[in-house]
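Asks: Protein sequences, first through last, are from chains A and B. Quick note on numbering: numbering that gives the first Met the number 0 labels position 30 of the first sequence as 29, and the sequence is numbered without any gaps. Quick note on numbering: numbering that gives the first Met the number 0 labels position 367 of the second sequence as 366, and the sequence is numbered without any gaps.
Worth flagging that the hints you see were computed from the coordinates, not collected in a lab. Check before you lean on any hint, since a few could be wrong.
What the hints assert, rightly or not - Under the rule of at most 35 Å between Cα atoms (straight-line distance), these lysine-lysine pairs were calculated in the DSBU-like manner: (1) Lys313(B) / Lys424(B); (2) Lys323(B) / Lys70(A); (3) Lys76(A) / Lys270(B); (4) Lys313(B) / Lys359(B); (5) Lys70(A) / Lys434(B).
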Amino acid sequence: MNNASAFVIEDHEYTATIFASALQTAGFEVEIISNGETALSRLKEATPTLVVLDLHLPNVAGREILAQIRKDARLEKIPVILATADPLLANELSSDANLVLIKPISFDQLSILSSRLHPANKV
Amino acid sequence: MRILKIRAEWLERLLDVPSETPDERRRARLLNILLLGLSALSFLAILAIFVAQIMGMFTFQEAAETYVPVSIVLIGMILFYAINRYWSGQIASWLFLALLTISFFLADTPYESVWGRNMIVMAVPVITASIILPATASFVVAGFITLLISAVAVIESFELNVLGIFAYFSLALISWLSSRSLERAANDLRIINTDLDLRVSQRTTELQLANEQLQIARDEALAASRLKSELLANVSHELRTPLGAILGFSEMMRAGIYGRVEERQRDTLNKIIETNKSLTDLVSELLDEAQLEAGQLKLQNEPFNPKELARSVKDGLEALTHEKELTLSYEFAENIPPVLVGDPPRIQQVMINLVGNAIKFTQEGSVTISVFLPDESTWAFAVKDTGPGIPEEAQSYIFDAFRQVDGSTTRRHEGFGLGLSIVHKLTTLMKGRVKLESTAGQGSQFTVILPLATPSQEEE
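Could you put together the complete structure from these sequences and hints?
Replies: Quick look at the structure:
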């Protein structure tokens with residue numbers, strides 16, 4: 000059952016810890032990635048089941064990573080949850096994301112939402 | 000007219016002599032006028048005599064007697080002109096005056112020059128001197144004439160004409176006085192002119208400076224406004240991030256991730272989470288207000304046709320219904336004014352979000368936009384669908400930005416929560432409100448009620 004993996008791409012350490020914990024609660028194996036460059040190189044090697052993406056990242060912006068995911072045939076089906084404090088930017092990108100969450104993001108909310116995206120819970 | 004102008008320019012170039020001081024320039028110019036005038040007269044004289052000779056009024060001998068002196072005068076004038084132009088105006092003037100005086104003197108008998116009619120003619124160089132040379136030159140010419148007639152008087156044994164000499168000097172005095180006052184007036188005028196030029200250029204510089212300062216001030220204001228916007232975005236981010244950490248860790252603790260939680264601890268955690276949520280709301284409100292102030296969320300106030308607006312939304316979104324068994328239609332109450340005043344792009348965005356959501360969540364049936372007047376001071380549009388409806392417990396938080404009713408998200412349902420939060424924010428901004436009526440399984444109706452403003456009210 001525990002073969003679902005998730006990337007938490009978030010540069011703020013505490014926020015990343017909370018997101019990771021919420022996803023672990025939902026049954027995901029979580030990898031925290033704290034900058035855009037590493038995120039892109041990890042996405043070249045691995046195919047996670049779910050991606051939680053912050054838009055405000057060092058090196059490579061979140062929107063760039065989102066665009067890369069949607070361009071790649073191997074990755075394009077991965078559900079992406081955008082996590083941002085900027086509603087206007089989120090609105091711009093909402094058509095490429097599966098879910099947009101405006102910060103501050105509730106731990107409970109994220110664990111419930113992500114558990115529904117877990118393959119084991121899908122009907 | 001054009002030919003005249005060109006000729007005037009040509010003449011101007013001919014008369015004008017470049018010089019260091021304006022007085023010298025004026026004198027050189029006057030000398031040129033005299034020289035050219037005399038040259039023209041000499042030329043005409045030669046021509047007239049030539050014609051007279053051809054007509055047989057003069058013999059060649061008689062004509063030649065006139066040709067020679069007139070030609071000499073003509074050549075002299077051209078010579079003086081050349082000296083005036085290319086060497087020295089003063090020398091040319093002195094030579095001209097000397098020639099004038101001697102010619103006049105030789106034009107009559109010695110007696111007439113000392114005691115008779117030629118004395119009046121000899122007064123001409125005295126006056127001319129004050130015009131083409133510095134004013135004191137009149138005295139020099141008067142002195143020269145005195146010497147000349149004194150010498151003649153001695154040679155011819157005439158009595159010396161003391162009264163005549165006195166008259167010449169009196170004339171020189173008058174010429175000197177008038178010429179001097181003329182020069183002073185011209186000088187005053189020049190000073191006034193220079194002063195005026197100076198003041199104009201000073202004012203121009205001042206104006207340019209003021210202009211530059213204004214431009215700098217404007218650039219600074221624009222930069223400050225940009226900075227304010229950036230600051231707002233940053234503050235928003237910087238505040239939301241720690242708020243999120245407090246919220247998240249409190250919830251994690253409450254969920255028992257860090258060990259078992261007792262009842263009292265749970266109560267306290269609930270209070271922290273509640274307080275955090277109200278603080279988040281407060282931050283959002285403050286930021287909205289600040290954005291309003293910064294003009295980023297400035298509302299327009301312009302006339303629009305509500306029916307056309309609804310029609311354009313319907314036309315724009317109709318394509319989304321094609322894959323489903325869904326009809327999209329609109330209806331208008333009869334008393335809708337043809338023109339309302341408001342912010343059409345924002346109203347349109349609200350309508351698009353609501354209709355878009357309704358289409359997204361409704362698989363079959365209908366989506367209807369209706370525009371009506373609930374009362375005298377408001378107008379409204381309702382978006383009604385036959386979709387799954389919204390559960391009662393979800394209706395209270397459906398306008399929050401971070402919530403989504405159906406968590407089993409697929410891309411089909413993207414951006415639901417955010418779209419409604421924007422609807423709520425924009426409607427509030429326009430001093431309106433959103434009403435939701437929905438029963439799970441029986442469809443939903445969102446009603447946006449906005450203050451009624453018509454063009455005639457605006458004028459009042």
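Asks: Hints first: check each against the structure and report whether it holds.
Replies: Hints and how they fare:
no.	hint	in the structure
1	Lys313(B) / Lys424(B)	22 Å, holds
2	Lys323(B) / Lys70(A)	28 Å, holds
3	Lys76(A) / Lys270(B)	40 Å, violated
4	Lys313(B) / Lys359(B)	14 Å, holds
5	Lys70(A) / Lys434(B)	40 Å, violated
The structure fails hints 3 and 5 (numbered hints given earlier, in ascending order).
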